[in-house]
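S.K.: Given two chains presented individually in distinct reference frames, assemble the corresponding complex, making use of the accompanying hints.
Top line first, the protein sequences correspond to chains A and B.
Okay, so the first sequence: first residue is 1 according to this note's numbering, each after it adds one.
Okay, so the second sequence: first residue is 770 according to this note's numbering, each after it adds one.
In short, the hints are calculated from the structure, not lab data.
Remember, predicted model here, so these are calculated numbers, not experimental data.
Treat the hints with care, since some could be wrong.
[What the hints assert, rightly or not] The following residues of chain A were derived to be distant from chain B, with all beta-carbon distances above 10 Å: (1) Glu-496; (2) Ser-661; (3) Gly-705.
[Said to hold, decoys possible] Just the calculated beta-carbon pair ranges, DEER-fashion: (4) A:Leu-278 x B:Ser-804: 54 to 60 Å; (5) A:Ile-279 x B:Lys-884: 56 to 62 Å; (6) B:Gly-856 x A:Leu-116: 21 to 27 Å; (7) A:Leu-116 x B:Lys-884: 38 to 44 Å; (8) B:Glu-782 x A:Val-159: 55 to 61 Å; (9) A:Ile-154 x B:Glu-879: 56 to 62 Å.
Note that the Cβ used here is the ideal one computed from N, Cα and C, for glycine as well.
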Amino acid sequence: MTATTSTKNKNMFAVRFSNDLKDSSRLFWVSVFLNVLGLPMGVIAVLVESYNQQHQIYTNGSAAFVMIAAIALILYIAMGIVIALFHFRYLYTKSIVDMNYSLPLNNKQRFSADYLSGLFVYFVPLVVGILLALVVYGIGSQFVHVIEEISVMIPHLFVSGFIVVIGMLMLYTLAVLAITFCGSTFEAIFSVAAVNGIIPAVIACIWLTIVGNNGFGLIDTAVFHGNPMFRTSPIGSAMFFGKYLEDGFVQRNIYDSISVYTPEYYHSLYIRWLAMALIFTVIYLCIAFVIYSRRKAEDVAKPYISKVFFYGIMSAALFCILSLMLAVDGNPLAAVIVVAIFWFIMEVITRRGFKKFWTAIVSFGITVAASFGFIGLCKATNGFGAVNKIPSANSISCVNIENNDYYSRNYFGSDITFSDKEVIDSVIALHKDIVDHYNNRNNYEYKPVSGTSQIIDQTTIKISYCTKSGSTIERYYQIPSYMISDLMLKKMTCEENAEYRSEQMLVSIANTKTDYPVSNKSDALKYMKNAQLLVEDKVYSDNKYYNITKDEAVELSEAYKKDLMEITEDDLKNSEFLGYVSGAFVLSSFRNTLAVLDKMNVEFIDFNAKNTFDRYSVSNVEILDEPGIVTYEKYFYNDPHSSGYFIDYGRYYYEEDNYRSENSVDSMCSMSSVQIGTRGGYLYRLYDTDEFKELMKIATPIIIGEKPIAVINYNTFGTILYVPDRPGNREIFDKAVESLDLIPEEELVQYNNHYGYDSYGNPMPQKVY
Amino acid sequence: MIELKNTVKKFDEYTALDGIDLKIDKGVAFGLLGSNGAGKSTILRLLSGIYSPDSGEVLIDGKSVFDDPEMKQKVFFINDETVQFGGFTLKKLKDYYRSYYPNFSYEIFETLRKKVDLPLDKKINTFSKGMKRQAIVIIGLACCTDYLLLDEAFDGLDPTMRIIVKKMLVDAMLDRELTTIISSHNLKEINEVCDTAALIHNGKIVFSRDIDDVKGSVHKIQVVFRKDENGNIPEYKAEDFNSDELQILHFERSQSIYYIIAKGDEDVIRAVFGSKKPVLLEIIPLTLEEIFIYELEVLGYDSNNINEE
Chain A
1 MTATTSTKNK NMFAVRFSND LKDSSRLFWV SVFLNVLGLP MGVIAVLVES
51 YNQQHQIYTN GSAAFVMIAA IALILYIAMG IVIALFHFRY LYTKSIVDMN
101 YSLPLNNKQR FSADYLSGLF VYFVPLVVGI LLALVVYGIG SQFVHVIEEI
151 SVMIPHLFVS GFIVVIGMLM LYTLAVLAIT FCGSTFEAIF SVAAVNGIIP
201 AVIACIWLTI VGNNGFGLID TAVFHGNPMF RTSPIGSAMF FGKYLEDGFV
251 QRNIYDSISV YTPEYYHSLY IRWLAMALIF TVIYLCIAFV IYSRRKAEDV
301 AKPYISKVFF YGIMSAALFC ILSLMLAVDG NPLAAVIVVA IFWFIMEVIT
351 RRGFKKFWTA IVSFGITVAA SFGFIGLCKA TNGFGAVNKI PSANSISCVN
401 IENNDYYSRN YFGSDITFSD KEVIDSVIAL HKDIVDHYNN RNNYEYKPVS
451 GTSQIIDQTT IKISYCTKSG STIERYYQIP SYMISDLMLK KMTCEENAEY
501 RSEQMLVSIA NTKTDYPVSN KSDALKYMKN AQLLVEDKVY SDNKYYNITK
551 DEAVELSEAY KKDLMEITED DLKNSEFLGY VSGAFVLSSF RNTLAVLDKM
601 NVEFIDFNAK NTFDRYSVSN VEILDEPGIV TYEKYFYNDP HSSGYFIDYG
651 RYYYEEDNYR SENSVDSMCS MSSVQIGTRG GYLYRLYDTD EFKELMKIAT
701 PIIIGEKPIA VINYNTFGTI LYVPDRPGNR EIFDKAVESL DLIPEEELVQ
751 YNNHYGYDSY GNPMPQKVY
Chain B
770 MIELKNTVKK FDEYTALDGI DLKIDKGVAF GLLGSNGAGK STILRLLSGI
820 YSPDSGEVLI DGKSVFDDPE MKQKVFFIND ETVQFGGFTL KKLKDYYRSY
870 YPNFSYEIFE TLRKKVDLPL DKKINTFSKG MKRQAIVIIG LACCTDYLLL
920 DEAFDGLDPT MRIIVKKMLV DAMLDRELTT IISSHNLKEI NEVCDTAALI
970 HNGKIVFSRD IDDVKGSVHK IQVVFRKDEN GNIPEYKAED FNSDELQILH
1020 FERSQSIYYI IAKGDEDVIR AVFGSKKPVL LEIIPLTLEE IFIYELEVLG
1070 YDSNNINEE
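Chain B with its partners taken away, still in its complex shape (with noise of 0.2 Å):
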């Protein structure tokens, strides 16, 4: 299990992670969503032992995994760059895990490596990018370690491609319990990978929980409201529907249908908005790029207001 403990990271000023709490069970393929610099790669690498933390907690299995050789076997990190292989074949780059990573398997390696066609000899500054990626994400796989960290790991992979690493990925985690933190913001590869996310902003974490019950939670509400007696249609706002059980995340009208996003249980918003004897109200579900965006507007990061500045 993957703990990070009221983690405070700061660089210079900028405090990168502001004091969060997250727990990542073993098993699961996790997904950080965030915006840009919100400290998706931040946690990554405090995760696999590159940085300290300047306060708190990082655990992994309940020992801190900086500076600690043993600990750090048990992680293997792919960040989103791949020159610093250039120079390396892809059997040297395998010699060279293998010589730290006491669980690796050739067997796998090899395995992966056919089914994708990957030359041995050839350096890997000679690939192209998907192929970059692939080779990394095979050592990755063949390290054989109990996490595997991913930073941006499908950007700049062709469509084919992109299933060819998620389908090992996934074999790799339903064989041997590989517990899996992707950080992208392809949301529909987390979508589809992922069984638990986490979004972040700002250094905090908006939300953490299973990727079902954030869907579940978030609607997209379509609805017209009958014409009052003097034929006009009424206006609302979202503070007339606001409640502790249901919070309205986006608020907008466009002629007589109202479009709204709201957190809440379906039959929450039902009851709410029925309430008003709608002559049409459709529950529509969101995809998760579509709450990213809705739960960020509503903390500030807003494309609207990146414009007005």
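Just chain A, same shape as in the assembly (with noise of 0.2 Å):
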């Protein structure tokens, strides 16, 4: 027997695949056994769910598939971590690294078969998962009627399904990537964790140090639904999974306020993020495949293997810690010992002792000081620019406006998404207008607030600008009501808040009458069988429901979208605001709507104080005259314990006098008015008077710009009524105010805070005759 040369060309990558293969079957079996469980189980339960709605049976049949789907799908991704432990493990187990590096093979074969055989073992069983699932689901949907509204999101469940399958990936690679610079089992296993931990919660803390310092208007919870967290780990695949999947039902549901995309913007963004979470997995697999290249057959059992990513990750871990104990405890000395114990711990483990140790605490304190010069780079340069980034309108594919409101009930200045380019033309001079306040304090005027009749303003807005790039920009704010009124008068003349508001006004007459709450405008349409109309007057202290067809009610609101398409300034401004239909106000401008209301014979409700104080017991009303408007400077300070979150070192802005300074502005917008409260008004008894009548016919909810004569506060209902400073109206006011009784001093003391005290806590000061 004479060995001869061979002249076989044999392909080694596709012979290592194949025995690869081989060897981790059982690996490859306890994943398809998972995803047996998996998805399959999870089609039964919804299978089980539409059959016991069907038959209203209500028990929690479901309940033990969805938890075995669950776990076994929560199992069958954590496999990703085994299956690449597995698969490199001679790169950390001594005993087969000579039976590995010594078979014909070169590194380049060796690593493309080991990482794509694992991911065959990983993913193929997914496909077997899927093929069951959809069986059993045409099968089962055979013989019983799918719950509609998950009927309807399977195509969305399924296009959410590959940001899993992206996610795995990912999940899988960077446990490649960590395994290649270990030389342990357990420095494999804690870097793998590490690795996939570090990646998203350095970007937090990045984020979070930004706000926490100088983060004026910057929002610590953004950094969980920005693309940086997104994209690049599968913690931050899993966080856009959830909010695509709770976007794609939110799309069909315009209650819920959690959504800020446009349809065309949600689809663009899912293939942005397709192609950015593919691209960082493609980087991670070449950093492992170069790093797989340089290491040598003798690195095993040594202390990690890359000393590069040793440091980062433990650098990267420190920065966590330190900025999460700043931000805790406030305290550097306590942060900086605790994060001591850490590295020092870690450096033992990994040199096996205390060899050469004297570098381990340099290279701690190299990484403590930069880490508080990073902190310190942030405050100093406003967070990287953060605060001062406002992006150009011709960047901007939509923006959502969401801002609180003392009338809102879900009905004014809610959270809509817009694309009209003049709202965000809008928006982003309001943007600029707060960055302006609080870049250059010195140049506005902070008027001192004088008179004792005060409205206390204060309105919110959250900005949510999304890019064409994909990104999507947040800021908060609270500022003074009057710098939104340009926005809000946009916002109502745009057809976006048309569209919106008259869906609204459907879904809330359909919910009268339908067996199931519906939230959108299909849905409406399809359970709606007749429905009521609900009237109410200005104050919401009178009401009256009309029964009407779904066909009046669908005319109803295409004639109040017409109606708000035409509004303009002018009728916002000056339009007698006759009262609420389900909901939504009527200005007299609203001619589509009020000839609909009046083919129905629905008339509006006039303010009538006998029938409020006969039905509600309400024998008060508190009346400024003259208010002034008082906001606060410290809303273009950068006060962290707006933020909730981190505290700068100690220093608190409160304690500064101008921080706190009231400041009286000249004008305001009622439409995103969060009212505090009232200071120094007067309590009168509430008479049914002709010329409180002809008062509360001009007095209006809505001011936008301008600054009333006069307030009227009915705390029992929570409505704020203004008088609008025009020709006549002082007179009426007057008129009104002599009509009624003042009530005595003495009598205040018998009433709770809303009708003898003031929003303060003060006794109400009374008329002196």
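M.R.: Spelled out as structure tokens, the structure:
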């Protein structure tokens, strides 16, 4: 028998690949088993739930299936780490190093075969699970009518599923990367966990550091739905999956204010995410291969092959712990002690003792200094320019505006996404104005508040820009309401707003009579049979229901939409405020709406004090004559407490007088106004006088960009009406007040806070005759 | 042919091989001798492409073997561990290696397997130590590579097993000009199987020669010198006999008998010692083990020194 020189040209990659598959057959079957328990069980849960609903069986029959499916799927996803550890075990298991490295393979063949065979073992069972789930669904849906809400979302679930797949790919690849720079089993497992956790942790902590140090307007939670978080790690992918899934449901639900995306932006976001997540995965893979190629067989059992990566992870972890400690405690010394304990324990473990320990002390010092330096730089640069960052109008796809409103009840200034150019321009102008107030405080005049009669005016606004590049920029401010006047006008007069509010009206009407609550227009049209229309007066003190048909409801909402699209600034400012129809305000300029209401014999309710008195035992009203509008300078300071998170090394802004001082402004926007309270009003006994009725006709909840001459506060109903400064209104007001009786001071002590005290708990001063 | 040219291999600050030069011709049975930690296993791992040299060259048939699948197919390395094969059955192990080595001979495998009666379908971790060793040697031989590297291959084998394994190797060497490199502390086996050997100490080659030449060049001398006029036995030292042609490796006296280990030609020895008119002069051939001990003693690797430490 003689040895002959081989002339066969074997594909060594293929040989290694097939041997790896044979070697990991057990893992493959475990993955298959978990997938059989996963998606198909989820489908069974849906079928069981649908069956129960169909037959009105109200038990938790599907809960067990859901639990099995969830646990199985979580375990299956975690298999990505197990498979990576198994396929690359020769990198940290000394006894099999020779066997693997002596085989006739080069690094490229070995790495690619091990990586790809692992992918095969990881993902092929998923295909099995999906196919089985489809078969179960196909068969099951023949016998059970699947809940429509779920059946409609199946395509969306399928699309969202790709996010999970890419996230799993990233998880597996990151696990391989972590293993390439380890030399022992403990380090491999620890590093896999560390790498997966450290990426989102660092992103979160960097952002939170920026927010906590001169982070005017920045929102700490914004990091958890931003692209850097979503695209760079499996944990981020899971967050994106949750958000994408939720937004997909929310796209059909106008009441849920979580979604900030238009459908077009939402879908483009998905494509961008897929592309970027894949790019990051490829980057991780390339880094893994570079480290793999450079490491040597004899590196097994050595502590951390790549010192760069080891110290990179350690430094990142140190920074995260330090920044969080500073946030929680604010004490730098305590933070340094905690991170020192962490650092030196890790150094002792990886050095297997105290060899050359002085280098560990030096590296610790450098890392701590760098971390504090970064934090200081955040402060000095206003969050690396984040505070002053305002996107250009051309770069924005859509903008979501969310602001609280005393009158909101989801009807005023709620949470809508706009792609209207004028609205976007107005938002940017407001944003610039706010930032300018922050940067150039000395350029703005802060007048002291005079007079005892005051409206405490404050509003909040959250702006979410969705840019064309796929990022979301979020800001949150507290500002005086007058700043938002122009934006509010632009909002109210644009088509998107009209569409949104007419849909709100239709849904509100539909929900008076449907078997199940509906939350969007298509469901309202589907499930509404007949309905009731609710008409309320402008202070919500009186109401009446009218029975209407579905067609009438549709006609009304369409008419309302038309009116809103034709509304002008003059209408908002000068039309008579007639009342509310199923929660939607109606002005005298809404001719289409009024025509439909007239056809249905629906009438608005005039304010009637006697009715109010009889029905609600309300006998008082607070009236403020020539009130000052009070805001605070502090809105334009960076108040760490307002973000509720970081403390700036113990320095508290609110101790400074300037920060707290009140400021008097000359106008307000009641459509976006959170009223903290009133001060210095007078309490009158409520009589049903003609003069007062006349006053109630001109009083309106809507005041935009002007200062009212008087305010009427119906505390019982949480309603405030403003008397605009129009010709003749002053006389009407004076006559109305004269027709009422001031409640004597001695009677005030019998009332609760709402009646005898102002919003600060001070007894309300009364007129002295 | 295998060549190591000024090869240096370090593990962090420890230098395992310090610029060694070694040539191993094709078809020989080469023994690697050395103290513990001398660098024997390192050489084998360099030759099998597991390690890469820090400097210098490691060539097989003129080409570097590291990261080269084609060159690695010419080499089969059997290390001193067997735990890595524990989960395999012999059949699976055969299939595993057959996929990597295109020259794998099923006939050789079966012939050898039947000779030692190893079961195909039992897991290797149920085998005895000797059986595990046999199994991997059979696989190694069946792969029909040009070079077979064995690291401490005979350790743990009973005498009969050793004979069987040695016979397998010898048959293969005779059949197909297999070049075998064996690293072992069992110098008796190296003596029996190998025709060439190298002694390594502290990462350097002490010698690399034909074993017969080695044995022929180092001798044990027992000599008794004639008493002088006063009836005393003459006091000689090693330096009294060292010359260019004769190197004294070990010089010891016990009463009247001098026990000397010397490297040099036998005729030279007779001439040098004969000039002192000894009463008794015996030249005894040394075993390889004795040569090993005495050669390293000169280099300071001495059991007496270790005891003193």
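S.K.: A separate judgement is required for each hint: does it hold in the structure or not?
M.R.: Going down the list of hints, with the structure as the test:
1. Against chain B, the non-interface label of Glu-496 of chain A holds: every CB pair exceeds 10 Å, the least being about 62 Å.
2. In this structure Ser-661 of chain A is separated from chain B by more than 10 Å, as the shortest Cβ-Cβ distance comes to about 67 Å.
3. Against chain B, the non-interface label of Gly-705 of chain A holds: every CB pair exceeds 10 Å, the least being about 76 Å.
4. Taking 54 to 60 Å as the suggested C-beta distance range, the pair Leu-278 of chain A and Ser-804 of chain B conforms, at roughly 55 Å.
5. At about 58 Å, the CB distance of Ile-279 of chain A to Lys-884 of chain B agrees with the hint of 56 to 62 Å.
6. At roughly 22 Å, the beta-carbon separation of Gly-856 of chain B and Leu-116 of chain A lies within the given 21 to 27 Å, and the hint holds.
7. For the hinted restraint 38 to 44 Å between Leu-116 of chain A and Lys-884 of chain B, the CB-CB distance of approximately 40 Å keeps it satisfied.
8. For Glu-782 of chain B and Val-159 of chain A, the Cβ-Cβ distance of about 57 Å falls inside the hinted range of 55 to 61 Å, so the restraint holds.
9. Between Ile-154 of chain A and Glu-879 of chain B the beta carbons are some 58 Å apart, a value that agrees with the proposed interval 56 to 62 Å.
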